[in-house]
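Asker: Chain by chain, the residues:
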Amino acid sequence: MSIGAAFSDGLMRVKRAPWLVIGLWLSTLVLALPLSLALQGQIGAHLGDSMAARSAADGMNFDWWNEFLAQSSGVGQTFVPAILGFAAVLQNLSGIADASGPPTAVVWVVVAQLMVSTFLIGGVLDRLARDHAIGAGGFFSACGVYVFRFLRLSIVSVAVYAFLFVTVHRWLFDGVYPRLLEGLAAERTAFFYRLGLYAIFGLPVVFANLVFDYAKVRAVVEDRRSMVGALSAGWRFVRRNLGAAIGLYALNSLALVAVLLLYYLAAPGAAANAVAFAIGQLFIVLRVISRLQFAASQTALFQGRLAHAGYTARPVAKWPDSPAADAIGPA
Amino acid sequence: MQDTKADSPSVSAEAQPAPLSPRNANYDIDVTLDPAARTLTGSETITWRNTGAMAAYSIRVHLYWNAFRSTNSTWLKQRKLVGDDPFGEATEADFGYSEIATIAVINDDGSVREDLKPALRYISPDDQNSDDRSLTSAALTTAVQPGENLRLRITWTGRFPKNFDRTGVVGNYFFVSQWFPKLGVFEAGGWTAHQFFANSEFYSDFGRYDVRMTVPSGWVVGATGREQSRAEAGGGKTTHRYVQDDVHDFAWTTSPDFIERTQRFEHSGLPPVEMRLLLQPEHEGLADRHFTGTAAALRYYGEWYGAYPYGHITIVDPAFQSDSGGMEYPTIFTGGTRWLSPRGSNDPEYVVLHEAGHQFWHGMVANNETERAWLDEGLNEFSDSRVQAEALQPNYFVQRFFGDFIPWQFRDLPLKRATDTNWMNSYRRMGDRDALSTPTFQLWPATHQALSYHKATLMLHTLERKHTWDVMRKVLATFFNRWQFKHPQPDDFFAVVDEVTGLPHAWFFDQVYRSSNTFDYAIERFDSAAPASRGLTESPSGLAFAEKTTAGTFRTTVVVRRLEAGIFPVDVLVTFSNGEQVREAWDGRARWQVFTFDRPVKAVSAQVDPERVLLLDTNYTNNSREMEPAAEEAATKWSLRWMVWLQDLMMTYAFFV
Chain Z
1 MSIGAAFSDG LMRVKRAPWL VIGLWLSTLV LALPLSLALQ GQIGAHLGDS MAARSAADGM
61 NFDWWNEFLA QSSGVGQTFV PAILGFAAVL QNLSGIADAS GPPTAVVWVV VAQLMVSTFL
121 IGGVLDRLAR DHAIGAGGFF SACGVYVFRF LRLSIVSVAV YAFLFVTVHR WLFDGVYPRL
181 LEGLAAERTA FFYRLGLYAI FGLPVVFANL VFDYAKVRAV VEDRRSMVGA LSAGWRFVRR
241 NLGAAIGLYA LNSLALVAVL LLYYLAAPGA AANAVAFAIG QLFIVLRVIS RLQFAASQTA
301 LFQGRLAHAG YTARPVAKWP DSPAADAIGP A
Chain E
1001 MQDTKADSPS VSAEAQPAPL SPRNANYDID VTLDPAARTL TGSETITWRN TGAMAAYSIR
1061 VHLYWNAFRS TNSTWLKQRK LVGDDPFGEA TEADFGYSEI ATIAVINDDG SVREDLKPAL
1121 RYISPDDQNS DDRSLTSAAL TTAVQPGENL RLRITWTGRF PKNFDRTGVV GNYFFVSQWF
1181 PKLGVFEAGG WTAHQFFANS EFYSDFGRYD VRMTVPSGWV VGATGREQSR AEAGGGKTTH
1241 RYVQDDVHDF AWTTSPDFIE RTQRFEHSGL PPVEMRLLLQ PEHEGLADRH FTGTAAALRY
1301 YGEWYGAYPY GHITIVDPAF QSDSGGMEYP TIFTGGTRWL SPRGSNDPEY VVLHEAGHQF
1361 WHGMVANNET ERAWLDEGLN EFSDSRVQAE ALQPNYFVQR FFGDFIPWQF RDLPLKRATD
1421 TNWMNSYRRM GDRDALSTPT FQLWPATHQA LSYHKATLML HTLERKHTWD VMRKVLATFF
1481 NRWQFKHPQP DDFFAVVDEV TGLPHAWFFD QVYRSSNTFD YAIERFDSAA PASRGLTESP
1541 SGLAFAEKTT AGTFRTTVVV RRLEAGIFPV DVLVTFSNGE QVREAWDGRA RWQVFTFDRP
1601 VKAVSAQVDP ERVLLLDTNY TNNSREMEPA AEEAATKWSL RWMVWLQDLM MTYAFFV
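Chains Z and E, in that order, give the protein sequences.
Using the numbering used here, read the first sequence as starting at 1 and increasing by one per residue.
Using the numbering used here, read the second sequence as starting at 1001 and increasing by one per residue.
Treat the hints loosely; a few may be bogus.
So the derived list for chain Z, only partly shown, Cβ under 7 Å to chain E, looks like this [stated by the list, open to error]:
1. Gly44
2. Met51
3. Ala57
4. Val110
5. Ala136
6. Ile284
Listed next, the stretches of chain Z that the computed footprint assigns to chain E, with coverage defined by at least 3 CB atoms under 8 Å from CB atoms of chain E [as the list claims (entries may be wrong)]:
7. 4-11
8. 32-41
9. 95-107
10. 113-126
11. 175-186
Think of the hints as simulated: they come from the structure by calculation, not from any bench.
Yeah, the Cβ is synthetic: ideal placement off N, Cα and C, and Gly gets one too.
For reference, chain Z alone in the conformation it holds in the complex (with noise of 0.2 Å):
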């Protein structure tokens, strides 16, 4: 199978998911919910009966979002003019290059958001790789059925990121980086070397998340028990597949830039309001398809590549009589 045809068998597998999306854009949103009640009630309660409220509500009063910023704490804290329009996105993805991590605020919503994906991705993969409707009962089974798998690989990717978000990202730029800027009298150079760094910083990332994503699919599509054998398994094919695996991998992150370039396009001003929820969660849609067009399509290839299109070495589990039951149970 080619990139291409990878890449839009992908496309079609999730378009023909379209609960996947659903609940994926809902997991985000109910995650989301709580913090951003807790904020709608500091700003409500700042606000009062005050006529700034008016200005803030039509538009944008940056006096009183500053003070509000120097009365407020928590989630409070986080709500910043980073999170209009595209700069949110900037803020994100240059928090993730420059290892900043998220606010302390929002810390436990994201790694609640990292359970529920580590909960959901085996029902992912399962009926993207399946290509038909498995319904809730046989999706929840597959989650049920490879969570204690992916729970045992994440103790391996979270080793991985760490050592290369923390010892790696600072030894790049917190000892590298101020080596090269020593005597520098130019911006626009030092520019340049960090540039390099991130490409140098994100090729191993890359090449991490591309095993780790081979080795879920492999653990979905050979029903695979062993993490260690999965992800051997994902580091093979990724070996013997290199164009393909990095081609589609660049073809999807292609995909993704164009879909923050329509965000960048349309995202929507201070002074909107229903229409700019209404952009900003469409927006989060096309990000959920985004990032299951890489599943899909890494499904897809490993399934063109190795076996053939749909096949998965499990049936479909059945709930409640699903492996999953015998997994949490005694044996």
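We have chain Z; now place chain E onto it with these hints.
Answerer: Here is chain E on its own, set in the frame of chain Z:
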């Protein structure tokens, strides 16, 4: 008075017709730069005239670069107080110093009258830090009587600290400031000379500077004054001679990499000024924006306060990491910009405008900035903020991402004068940490900006809103014209405020300047309903219970509260549903005040200080209340917008699962 002859490069500064200043501290300096060793070797002759009313029995000489000589210097100790330890991991080569080799009183013919080296000692009058080496003193065997001259010859060597706080080196870029042994100011009470503190700036007398700088041939030199000559010095070096009268300091820069641009400032009613820009190659596309900022200062300050008299000005665009940006020196200043600087945001215009504006306050009025920096910084920030509002729009908020490189301009967030370019947010967070009257060098190191710049600006803008811009312009113009070249004190400024406005302002400056009080007025209660009463009233049969409602009338009650110690007269404005507005003046003294209005309609809103005259009010949101508030609408809108950001954050991290 205009220095018209200085406009012609062929006429030397010696030909100036009349001095603008007392010219009582004149420096004749030869200095050689060794770029490889990062050293200066210099000799200077200082001719100082005692303009005081008493004899001087000693001298005070600043050696500013010794602030970078050890981590025990007062300067570095102060930085450490706020958690900043720039020399924490410094190597031997990173430290700078200034070391006097010889110092002597000389006769008119140049012969030594008295060798002062044996008597020279380091002093630390401000903090008794025996490790500080930034100030020296030497007793004179023969006192200098009022009106008499003292001639000193000093030879010294100095080593640049490594790219550090406004002086230093990065690559081939050298910025040379506070570099020569410099006298203090002899005033009524004796010498005014302080050690070098993290927040203090500088104070010195006016005079003539004739400086010959020897640097590698081919390197561009920019300096205070105008270049008079250039001569081969042998060994691949060239000597550049710059001369300037009526200034109190001399700074210079050199680099082989500067791109040089010039433009002539011309504006009706103002003398022309030759603007010379020394630009980093990577900022070549920003040349016009540097000239725009400089010309804006020359034009508006010139029109509002008085003309710039020197005829020339040099703008230095500092090298990346030089840490020398945003500083003013007579007829030369450093800007500071970024490689990526989107139009529609005042970078570099703001910093260029600000530093060019300093030429008027720091350069000419020249108050003691070590003790009262606000009198320069506050007046200048107040003025440049107004210029930005008038001439440099739009000016949008910018934030940078990816290692602080990639700018993002928020077109929804135009920066406003009253709150943003006056730096309200900084004042709001730290305005109560010190009193503005605290000598600048004794301010808590982290609060200098919030007070000297931002509180002072808001104080002046509050006065502008109280008295109108025209009155405030007259205040500053009177102060500028009366006190230029005379080292005024804050009380001189306050006297001008009283004089021009015709009103006493001690009540205001006592609170805003002499105390750390803050201001916060609030509407504590606001309701509007038909007046009703219940209770026991007299009747023929004795006390009887009665309920009474006045139909067709609504009683509006507004309770205004003063939440902080600061007192300021404010207006209270109540708006009714039929559009009627009632304004009540309140002296703001009591902690609270009730206002009651009976009208045929309900009130819709109440505001205290509706025009926001009192810009020093730290919490303006509580200054108003309305019957149908939009808080819920606003809170929902912004929490939903924020939620998209959080969802995007989650999707960004989802990449790793």
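Asker: Next step is simple, just say for each hint if it's right about the structure.
Answerer: To see whether the hints hold, each was checked on the structure:
no., hint, verdict
1, Gly44, "holds, 4 Å"
2, Met51, "holds, 4 Å"
3, Ala57, "holds, 4 Å"
4, Val110, "holds, 5 Å"
5, Ala136, "violated, 21 Å"
6, Ile284, "holds, 5 Å"
7, 4-11, "violated (count 0)"
8, 32-41, "holds (count 8)"
9, 95-107, "holds (count 6)"
10, 113-126, "holds (count 5)"
11, 175-186, "holds (count 5)"
The structure fails hints 5, 7 (numbered hints given earlier, in ascending order).
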